[in-house]
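Protein chains in written order, with UniProt numbering: chain A, 1 to 741; chain B, 1 to 203.
A portion of the hints provided could be inaccurate.
[Stated by the list, open to error] Partial pick of chain A residues on the chain B-facing surface, computed with a CB cut under 8 Å:
id	residue
1	G15
2	A23
3	D28
4	Y238
5	V239
6	M672
Hint data in this document are derived by calculation from the structure and do not stem from the laboratory.
Here the structure is a predicted model, which means the values were calculated and not measured.
Where a beta carbon is used, it is the ideal one built from N, C-alpha and C, also for glycine.
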Amino acid sequence: MTVSPLGRDIDRVDGRAKVTGAARYSADYPASDPTSKMAHAYLVTSTIARGSISAMDTAAAQNAPGVIGVYSPFNKLGLRPMPGIGENYAPLEDTQVRFRGQIIAMVVAESSRQARDAAGLITTTYDEQQPRTSLADEPRVPAAGPPGQPPPSATVLAPGVDSIEAALAASDVVVEATFHQPMQHAVAMEPHAVLAEWNSDRTQLTLYSGAQLPHLGAMAAAGRLGVPPTAVRLISPYVGGGFGSRVMPWYDAALAAAAARQLNRPVRLVLAREQVFTVVGHRSAIDQTIKLGASRDGVLNAVSHVTDASMPFVGYRHMQPAVDTSAVLYKTPNLSIDQRHVMLDVPPTCAMRAPTEAPGSFALETAMDELAIATGIDPVELRLRNYATAVPGTGLRWSSKHLDECYRVGARRFGWSARRAEPRSRVDGHWLVGMGMATAIYPGSRRPEPIQARVQLFDDDTAVVSSATADTGTGALTMLAITGAHELGIPLRRVTPELGDTALPPGAPSVASAGTSTTVPAVESAANAAIAELVTVAITSPRSPWHGANREDLTYEKGKLHGKGRSMSFGRLLTTVGRRNVEATVTAQPGPEATQYRYHSFGAHFCEVRVNRYTGEPRVTRFTTVVDIGRVVNAQATRSQIVGGVIFGIGHALLEDNPLELDTGRLAASNMADYMVPVNADIPDLDVHWLDRPDPVINNLGARGVGELGTVGSAAAVGNAIYNATGIRVRNLPITLDKLL
Amino acid sequence: MNPNDDAGHGPPGVSRRGVLGGGAAVAVAVPLLATGAEATPVADPASADLVTVKVKVNGKPVSVQVDPRVTLLDTLREGLELTGTKKGCDRGQCGACTVHVDGRRVLSCLTLAATVNEREITTIEGLARGDRLHPMQQAFIERDGLQCGFCTPGQIMSAVGMVHEGHANSDDEIRERMSGNICRCSCYPFIVEAIRDAQKVMR
Numbered sequence: 001m002t003v004s005p006l007g008r009d010i011d012r013v014d015g016r017a018k019v020t021g022a023a024r025y026s027a028d029y030p031a032s033d034p035t036s037k038m039a040h041a042y043l044v045t046s047t048i049a050r051g052s053i054s055a056m057d058t059a060a061a062q063n064a065p066g067v068i069g070v071y072s073p074f075n076k077l078g079l080r081p082m083p084g085i086g087e088n089y090a091p092l093e094d095t096q097v098r099f100r101g102q103i104i105a106m107v108v109a110e111s112s113r114q115a116r117d118a119a120g121l122i123t124t125t126y127d128e129q130q131p132r133t134s135l136a137d138e139p140r141v142p143a144a145g146p147p148g149q150p151p152p153s154a155t156v157l158a159p160g161v162d163s164i165e166a167a168l169a170a171s172d173v174v175v176e177a178t179f180h181q182p183m184q185h186a187v188a189m190e191p192h193a194v195l196a197e198w199n200s201d202r203t204q205l206t207l208y209s210g211a212q213l214p215h216l217g218a219m220a221a222a223g224r225l226g227v228p229p230t231a232v233r234l235i236s237p238y239v240g241g242g243f244g245s246r247v248m249p250w251y252d253a254a255l256a257a258a259a260a261r262q263l264n265r266p267v268r269l270v271l272a273r274e275q276v277f278t279v280v281g282h283r284s285a286i287d288q289t290i291k292l293g294a295s296r297d298g299v300l301n302a303v304s305h306v307t308d309a310s311m312p313f314v315g316y317r318h319m320q321p322a323v324d325t326s327a328v329l330y331k332t333p334n335l336s337i338d339q340r341h342v343m344l345d346v347p348p349t350c351a352m353r354a355p356t357e358a359p360g361s362f363a364l365e366t367a368m369d370e371l372a373i374a375t376g377i378d379p380v381e382l383r384l385r386n387y388a389t390a391v392p393g394t395g396l397r398w399s400s401k402h403l404d405e406c407y408r409v410g411a412r413r414f415g416w417s418a419r420r421a422e423p424r425s426r427v428d429g430h431w432l433v434g435m436g437m438a439t440a441i442y443p444g445s446r447r448p449e450p451i452q453a454r455v456q457l458f459d460d461d462t463a464v465v466s467s468a469t470a471d472t473g474t475g476a477l478t479m480l481a482i483t484g485a486h487e488l489g490i491p492l493r494r495v496t497p498e499l500g501d502t503a504l505p506p507g508a509p510s511v512a513s514a515g516t517s518t519t520v521p522a523v524e525s526a527a528n529a530a531i532a533e534l535v536t537v538a539i540t541s542p543r544s545p546w547h548g549a550n551r552e553d554l555t556y557e558k559g560k561l562h563g564k565g566r567s568m569s570f571g572r573l574l575t576t577v578g579r580r581n582v583e584a585t586v587t588a589q590p591g592p593e594a595t596q597y598r599y600h601s602f603g604a605h606f607c608e609v610r611v612n613r614y615t616g617e618p619r620v621t622r623f624t625t626v627v628d629i630g631r632v633v634n635a636q637a638t639r640s641q642i643v644g645g646v647i648f649g650i651g652h653a654l655l656e657d658n659p660l661e662l663d664t665g666r667l668a669a670s671n672m673a674d675y676m677v678p679v680n681a682d683i684p685d686l687d688v689h690w691l692d693r694p695d696p697v698i699n700n701l702g703a704r705g706v707g708e709l710g711t712v713g714s715a716a717a718v719g720n721a722i723y724n725a726t727g728i729r730v731r732n733l734p735i736t737l738d739k740l741l
Numbered sequence: 001m002n003p004n005d006d007a008g009h010g011p012p013g014v015s016r017r018g019v020l021g022g023g024a025a026v027a028v029a030v031p032l033l034a035t036g037a038e039a040t041p042v043a044d045p046a047s048a049d050l051v052t053v054k055v056k057v058n059g060k061p062v063s064v065q066v067d068p069r070v071t072l073l074d075t076l077r078e079g080l081e082l083t084g085t086k087k088g089c090d091r092g093q094c095g096a097c098t099v100h101v102d103g104r105r106v107l108s109c110l111t112l113a114a115t116v117n118e119r120e121i122t123t124i125e126g127l128a129r130g131d132r133l134h135p136m137q138q139a140f141i142e143r144d145g146l147q148c149g150f151c152t153p154g155q156i157m158s159a160v161g162m163v164h165e166g167h168a169n170s171d172d173e174i175r176e177r178m179s180g181n182i183c184r185c186s187c188y189p190f191i192v193e194a195i196r197d198a199q200k201v202m203r
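Extracted from the complex, chain B is given alone in its bound form (with noise of 0.2 Å):
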C-alpha cells in the first residue's frame, strides 16, 4: 500500500482528528461499521477513535467509519456486506481474501481499511457486468476450477489481477504467480486452464 494513503493524510475534513472532533456528525453512506458504531457504550476511548474512509467500491461511492486497526478484509464483510470475500486465515498465507485495489491484487486480511482512502476497491461482487460474467469467472466454471468454492473468490481475483500485470505468459509462471492462493481441493490444473482460456477474451 502507498505509505501516503495513511488516515492523517487523507483528503481535507476527514483527517483523524477531525474525525475524532466531529464524531458521530460524520455523514456516512453506508451502515457503520459494527465496532464502537451505533449505541454501544464505549469504555476504552481508543475504540472510539475512528477514522473516516472514503472509497470507491465496485464502483460505487461509499464512505465508512473505522477503527484504525480493522482490516479492509473485516471492513468488506462485516461493514458492507460484501461477503464474497472470504476469510481463510486472517494472516496472509491463503489467498482467500484478494480483492484489487487500484486494480492491484492485495490480501485484505493484511491490509488495513484506513489505508485504503481514496482508493478503488474491486471484490469478486464486482467482476461481472450485470448477468455477463467477467471471461474469468466463465472459465473457472466451464474448466471446473473450483469444488467447494471458499477460495474461489481470491483464486479470481487473483487471476485477474496476475493477468494484467503481465505475467502470465506460460503455465510455469501461472502457477508461479498464482501459488499464494490456496486451494485444498486442489483445482490446481484446472485453475491454470481457466486462466490460459480467459486470458485469450481478455486480450
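The shape of chain A in the complex, shown without the other chains (with noise of 0.2 Å):
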C-alpha cells in the first residue's frame, strides 16, 4: 500500500547532499574539461556615485603576476543591454558612472587572489556630479510598472463623494499616519558567482550560476553578448538563497562569459560581500502616507495611501506598496491610492521577498493599530468589522478567504485575550511586555505564462519529474518529488526531480510564492499524459498482453495497469515490451478562472515583546502565525518557508537598515556586521498553523503560495507589539532601541 506523501512532513529530498557538502553551488564548479584551466575574474566598483571616468591607469594591475586580462571603459567586452530586463545600462561599454559601486572594470588572472589583488591597483580619475540621492526632495513621478501591471493610481468613491480627502473630512475618526522604511538587501548567504565556460569552437556557452529564473538567465546572458539563446545553458541546481536577489539576471554571467569567450578560457567570477550591496539590486527605500477615516465604532469610510519609492536611474523595480495591501485587505466605500516614484543617483532596485507587500502592510497594519487606539477597539475586533468578502471597487470575489478563522485561531493560540490596550501595563523586572498583531496578506495567484513540465516512466519502476524551475531553500525540489509521488501513486524514493537546468523542459519562475501552485498542474498533466502513453504502449505493443485491447479496457492506479483480469506494473510492462521508458512533456496555463477570482494567502501574526525599561532594547519573546493558504503539499518545508519569512520580517522591524549617505551616494553598510540580519540569539520559538483549507479553485491541489506570506504583517506585529509595551509608536524603520529611550 502506497501512502501518498502529499501534505506529509518530508525531509528534503536533496538535504544528504546539503549537510555533507556535496552539493555544489556556483563557485564550487571545477572546469568540466579538467585541462581547460580555469581563469579567475574580480571586479573594481565606482567610488563616486555620478559623473564619468576620465582616466583610469591600468598598467600596474596588467603587469601584475598572474593576470591575463584587464577589462574596461577603455578595453571594452562589448556587451548589450537587454531592453528590460534589469538595469538598462552594460557596464564597461561607456564611462559614465551612475551610482557609486557601479562595476568599472574587471580583472582575470590565474587565481582569485591575483585577481583581487591586481584590481586594487587600479587607480580611476572622475569628473564627478553631485548625486540626486534625497527621497524627501528629488521631483515624483507616477510609479508606473511594465504593461499589464496595476496602474500606479487609482481612486474609489461612494456616490455623492467628491474626493477621498471630503470622504476622510466626513469621517468621525480620522488617523493619519507617515512611514519610513530603508532601503534593504536580501543578503542571500551566496555571494554572486559564476563560471562560463565554451565549447572549443565558442559557439556555445554553460553557465553555472545561480537563479530564481534559469530560462530568463540564459537568455539574459545571450542578449547581452549577442549570441542566439539556444547557444546559452545555465545549470544552478543548488542556489544558495534567492529572497528575490536572483530573479533578475545581473551583469555577472555576461561578463565572466564575454572574457571567457575572448580568453578561450573558463572563467570564474565570485562578487566579495561588499561588491553585492551594490553590484545586486536592493529593496527601494519607501516613505508612505496612510489615512484612514472611520465611525466611532471602527468602521472604515476611507483610506488612503500615498507612497514614494526610491527608483534607481539605472532600474529596475517598480515598488507599487498599495496594490496588494491598502487596496484590497479592507472593505471600504472610499479608497484612494497613489503610488509614485523619486529618481535617485543609486544602485539598481530588485524585488525582495513580499517586494511591496512587506512595506506596505508596516503601514496599514500599523495605522490600523493606531485607529484601534483611536477608536479603543480591541485590534482583531477593528479588522473583523472591516472584514472585505469582494476586493473594494470591484464585485470580484476570492478564490478562497477564511482570514477571518486566522484571525480566531491565531489569537486563541497565541492567548491575546490577555493583552491589556492600556500601553506601559504589563511589568516584568526590567522588561516592558507587550503585545500586537497585524493581518498577513499576499497573491496567491499561479503565474500566468505557461510552464512546462516532463514525467518519464522507466523498466525498473521509477520516474523521473523534470521542470527547470529553481530551489532557491523553499523546497522546489521535494515538491516535485511529491507531486510526481503522488500524481504517479508510487513511493516517493522511486521519484527522482530534476531542476535548475535550461536542457529542462521550462519551468516556473521561482517569485511571488507561485513556484508551487504553478508546477503542481504542470506535474499532474505530464504524469496523465506519461500514463497516457504507457496505455498507448500496452495496447499497441506486438509483446504486450494487452496487445490490441482498448484504451478503455485499462486502468492506472498506484503504479500499475490493470484490465482484462491482470495487472502488471509500468516497469514491468516496459520490461516486457522492450522499452526502457515513456515520457510525455506538457504545457500548462491558467485558464479563464485565472480573471474570475481573485487569489490570495492570508495570515494572521500575533507577537510579544519585551523592552528593556532602561537600555530600550526590544526583544521578540512570542510569535504566534496563522495562515490560510489552501492545500499544503510538504509540512516540512511550509513551516519552514512560514518561519523563514516571519523572521524576515522581524529583521524588517528592528535590525535591518543602509542608511544612504546623501552627499555623496555612498551606502554606509557594504558587511554583514553593518547590514545586520537576525542571528539565532533575536529569535524565539515560533508558533505557526495553517487551516487545512485547500483552495477550490486554484488548481486540482487546492495548493496557493506560502514562501513570501510571512514576512507581510510581521514588521508591524513586532511594532504594535513595541506600542503596547512602552507606548511609543515608531514610523521609521527599523525600531532601533535609541528611538525607545
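Put the two chains together into one complex; each comes in its own frame, and the hints tell you how they fit.
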C-alpha cells in the first residue's frame, strides 16, 4: 500500500547533499574539462555616485603576477543592454558612472587572489557630479510598472462623494501617519557567482550560476553577449538563497562569459560580499502616508495610501506597496492609492521577499493599530468589523478566503485575551511587556505564463519528474518529487526530481510565491499524459499482454495498469515490451478562472515583545502566525517557509537598515556586520499553524503559495507590540533601541 | 590559533626559508595552490614566497605549499577542492566557513593556512563515517534545519564544535553560541531543535 506523501512532513530530497557539502553551488564547480585551466575574475567598482571616468591607469594591474586580462571602458567586452531586463545600461561599455559601486573594470588572472590583488592596483580619475540622493526632495513621478501591471494610482468613491479628502473629512475618526522604511538587502548567504565555459569553437556557452529563473538567466546572457538564446545553457541546481536577488540576471554572468570567450578559457567570477550590496539590487527606500477615516465604532469610511519609493536611474523594480495591501484588504466605500517614484543615483533595485507587500503592510497595519487605539476597539475586532468579502471597488470575490478564521485561531493559540490595551501596563522586572497583531496578505495566483513539466516512467519502476524551476531553499525539488509520487501513486523514493537546468523543460519562475501553485498542475498533466502514453504502449506493442485491447479496457492505479483480469507495474510492462521508458512533456497555463477570481493567501500574526526599561532594547519573545494558504504539499517545508518569512519581517522591524549618505551616494553598510540581519539569539520559538482549507479554484490540489506571506505584516505586529509595551509609536524602521528611550 | 604554529616554527625541513631554498623541489601530496604554483611567471618575488604546510585534512595527511597570506578557507576550496566549506563574507561575519582545527571550531576565512601546520582539520566532508551521517547532519535533515543549504556546512560544524565545548545546555545557550552563524533563510528554531536532538545521540 503506497501512502501519498502529499501534505506530510517530508525531509528534503537534497538534504543529504546539503549536509555533507556535496551540493555544488555556483562557485564550487571546477572546469568541466580538467585540461582547460580556469581563470578567475574580480570586479572593480566606482567610488563616486554620478559623473564620468576621465582616466583609468591599469598598467600596474596588467603587469601584476598572473594577470591575463584587464577590461574597462577603455578595453571593452562589447556587452549589450537587454531592454526591459534588469539594468538599462551595460557595464564597461561607456565611461558614465550612474551609482556608487557600479562595475567599472574587471581583472582576470590565474588565481582569484591574483585577480583581487591586481584589481587593487587600478587607479581611476573621475569627473564628478553631485548625485541626486534625497528621497524627500527629488521630484516624484508615477510608479508605473510594465504593461499589464496595475495602474500606480486609483480612486474608488461612494456615490455622491467628491474626493477622498471629502470622505476623510466626513469621517468621525481620522488617523494619519507617515512611515519610512530604509533600503533593504536580500543578503542571500551565497554571494553571486558564475563559472562561464564555452565549447571549443566558442559557439555554445555553459553558465553555472544561481538563478530563480534559469531560462531568463540564459536568455539575458545570450542577449547581452549577442548570441542566440539556444547557444546558452544555465545550470543552477543549488541556489544559496534568492529572496528576489536572483530573479533578474545581473551582469556577472555576461561579463565572465565575455572574458571567457576572449581568453578561450573557463572564467569564474565571484562577487566579494561588499560588491553584492551594489552590483546586485536592493529594495527601494519608501516613504508612505496612510489616512484612515472611520466611524466611532471603527467601521472604515475612507482609506488613502500614498507611497514614494526610490527608483534608480539605472532601473529596475517598480514599487507599488498599496496594490496588494490597502487596495484589497479592508472593506471601505472610499479608497485612494497613489504610488510614486523618486528617481535617484543609487544602485539598481530589485524584488525582495514580499517586494511591495512587506512595506505596504507595515504602513497599513500600523495605521490600523493606531485606529484601534483612537476608537478604543480591540485590534482583532477592528479588523473583523472591516472584513472584506469582495475586492473593494469591484465585484470580484476571492477563490478562497478564511482570514477571519486565522484571526480567531491565532488569537486563541497566542492567548490574545490576556492583552491589556493600555500601553506600559505590563512590567516584568526590567522589561516592559507588550502584545501586538497584524494581518498578512500576499497574492496567491498561479503564474500567467505557460510552463512545462516532463514525466518519464522507466522500466525499473522509477520515474523522473523534470521542470526547470529553481529551488532557492523553498523545497521546490522535494515538491516536484512529492507531486510526482502523488500523481503516479508510487513511493517517493522511486521518483527522481530535476530542476535548475535550462536543458530541462522551462518551469515556473521561483518568484511571487507561485512556484508550487504553478508547478503542481503541470506535473499533474504530465503524469496523466505519461500514463496515457503507457496505455498506448500497452495496447500497441506486440509483446504486451494487452496488445490489441481498447484504451478503455485499461486503468492505471498506484504504479500499475489493470485490465482484462490482470495487472502489471509500468516497469514490468516496459521491460516486457522491451522499452526503457515512456515520457510526456506538457505545457500548462491557467484558464479563464485566473481572471474570474482574486487569489490571495492570508494570515494573522500575534507578537509579544519585551522592551528593556533602561536600555530600550526590544526583544521578540513570542510569535504566533496562522495562515490560510490552501492545500499544503509538504508540511515540513511549509513550516520552514512560514517561520523564515516571519523572521525576515522581524529583521525588517528591528535590525535592517542601509543608510544612504546624501552627499556622496554611498551606502553606509557593505558587509554583514553593518547590515544586520537576525541571528539565532534574536529569535524565540515561533508558533505557526495553517488552516486545512484547500483552494477550490486555483488548481486541482488546491495549493496556493506561502513563501512570502510570513514577511507581510510581521514587522507591523512587532511594532504594534512595542507600542503596547512602551506607548512609543515608531514609524521609521528599523525600531532600534535609541528610538525607544 | 596557537602563535607557536606560525610558519617559522614548523617542524624541521619546512621552515619558511627552507621552502624558499628548496623551491619547486618540495614534494607535495596534493595539487598545488593556484597562487604562484605551476608555470605561472612570477614577477613579484614576494608571491613566490611559499611555505609548506603539513596537515591532516579529514584524517588524511596532506602537504601543501601556500602563500603565507592565503587563508585556510581558500586553501581548502581552491587548493584541496574541498568546496563544502563556503565563503559567505570572507571576513568572519557570517560563519559559513566554519571548520574544526584540532576539534575546535574556527572561521577558516580568518585563519591563515600557514598557521595550521601539524594540525588536524575537519571539514563538512569529513564529518560522516562513510555513508553513515554524523548525528548532527541527520538531525539537521530531520528537523529541516536548512533551506538553501549554503550556510549549512558552517552551521553543522559550529554546532558539533559547540556541543563538544559543553555549552549546549539550554535552548538559550544554543541560540547564543550559534549566533556567529547567520542563516538568511532563517531556520533558527529548527537549528536549535536539531542541535537538541543530536546532542542526545552524541553523548
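Going through the hints against the structure:
1. G15: Holds: closest Cβ of chain B sits about 4 Å from A/G15, inside 8 Å.
2. A23: A/A23 check passes; min Cβ-Cβ to chain B is 6 Å, inside 8 Å.
3. D28: 4 Å, holds
4. Y238: 7 Å, holds
5. V239: 6 Å, holds
6. M672: 4 Å, holds
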